[in-house]
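Chemist: Start counting the sequence shown at 1; every next residue gets the next number (this note's numbering).
Because the hints were derived from the structure by calculation, they are not lab data. Don't take every hint at face value.
[As the list claims (entries may be wrong)] List of simulated lysine-lysine pairs, DSS-like, C-alpha gap at most 30 Å:
| no. | residue 1 | residue 2 |
| --- | --- | --- |
| 1 | Lys201 | Lys80 |
| 2 | Lys141 | Lys213 |
| 3 | Lys201 | Lys296 |
| 4 | Lys251 | Lys304 |
| 5 | Lys213 | Lys80 |
| 6 | Lys251 | Lys213 |
| 7 | Lys213 | Lys296 |
| 8 | Lys201 | Lys251 |
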Amino acid sequence: MSVDAEPCFDIAHLGHVEIYTDRFDESLDFFTRIYGLRLSRLADDGAYLRAWDDYEFHTVKLTRHQTAGIGHVAYRASSKQALHRRVAAIEDSRFESLGWTEGNEAHGPAFRFRDPFGHMFEIYWETSWYTPTGDDVPALKNTASHFSGAFPRRLDHVNLLAENVAEFEEFMITCLGARVTEQILLDNGRLGGSWFTVNNKTYDLACTEEHGKGSNRLHHVTYATDQREDVLRAADVFLQNGVHIETGPHKHAVQGTFFLYVWEPAGNRVELANSGARLILAPDWTPVVWTESERKRGQAWGLKTIETFHTHGTPASDRENPE
């Protein structure tokens with residue numbers, strides 16, 4: 001391969017997620033002091049945050065809003081040419097194109113589009129690399145910055161809710177060139193969930209079936225830790241700070257991820273997870289399909305999935321009783 005050859009994937013990775021909060025000061029305190037994200041910039045409308053080894057300026061934009069929930073999901077393209085290939089594919093599809101934004105201090109021009117369930121996505125190429133200063137300079141020069149709190153290492157994935165997972169699957173494959181790595185097939189023939197990758201990670205986005213009859217809803221955002229012990233330590237950090245621990249620590253059956261789920265002050269579900277060394281290296285990977293009966297057995301070591309994990313999302317819907 002020549003040094004100027006095009007990458008194999010048009011999309012490089014999940015870039016950042018915009019999270020809405022109607023309790024901004026409390027949410028910001030949670031994400032920085034307790035969860036351990038770093039503040040890159042405090043703006044009038046919100047805050048730009050990143051984990052200690054995220055190379056970009058931010059991986060979460062925490063935005064002041066009248067509700068909790070999700071603003072948009074952003075992916076970074078593999079090149080400028082790849083960005084325009086994806087834009088052409090989106091504009092040629094049946095899915096809604098929203099057009100170009102000028103970008104901001106975090107990244108350059110981005111093309112925005114929407115899935116059939118109200119979630120807004122964007123793809124960009126030009127990005128701002130984070131430059132640590134002062135106390136944020138890491139001891140090891142091959143890491144991006146210092147760490148604290150529960151010390152999540154990097155943004156890992158986002159989970160969205162949709163009334164028709166099969167339709168969302170078509171959206172991801174068409175618009176982002178994603179591959180499906182695992183699925184849940186319900187007894188009624190519907191897809192209960194699909195897990196997608198745009199590179200060699202096991203997944204960077206999941207979509208599960210919406211039970212709350214809402215639209216444009218977030219299930220959770222996840223950051224990765226170095227090891228399982230970090231997740232266990234984080235459980236004590238959350239306990240000490242009065243954070244609502246929803247479920248875990250435990251191990252998922254789907255994808256085999258060691259997990260811990262909490263609710264931040266605005267009600268958004270946030271996960272810390274460790275996937276071990278598992279990667280999808282096979283170019284001809286066949287999706288793993290889980291049946292409804294297999295999923296009803298619970299998680300990998302027998303923990304039953306609690307009811308709120310199926311019903312709670314943000315913003316709250318008419319069928320959900322928010323805490």
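Chemist: For each hint, tell me whether it holds in the structure or not.
Modeler: Okay, the hints, checked on the actual structure:
| no. | hint | result |
| --- | --- | --- |
| 1 | Lys201 with Lys80 | holds (22 Å) |
| 2 | Lys141 with Lys213 | violated (48 Å) |
| 3 | Lys201 with Lys296 | holds (26 Å) |
| 4 | Lys251 with Lys304 | holds (11 Å) |
| 5 | Lys213 with Lys80 | violated (38 Å) |
| 6 | Lys251 with Lys213 | holds (28 Å) |
| 7 | Lys213 with Lys296 | holds (22 Å) |
| 8 | Lys201 with Lys251 | holds (18 Å) |
Going down the numbered hints, you'll see the structure goes against 2 and 5, while the others check out.
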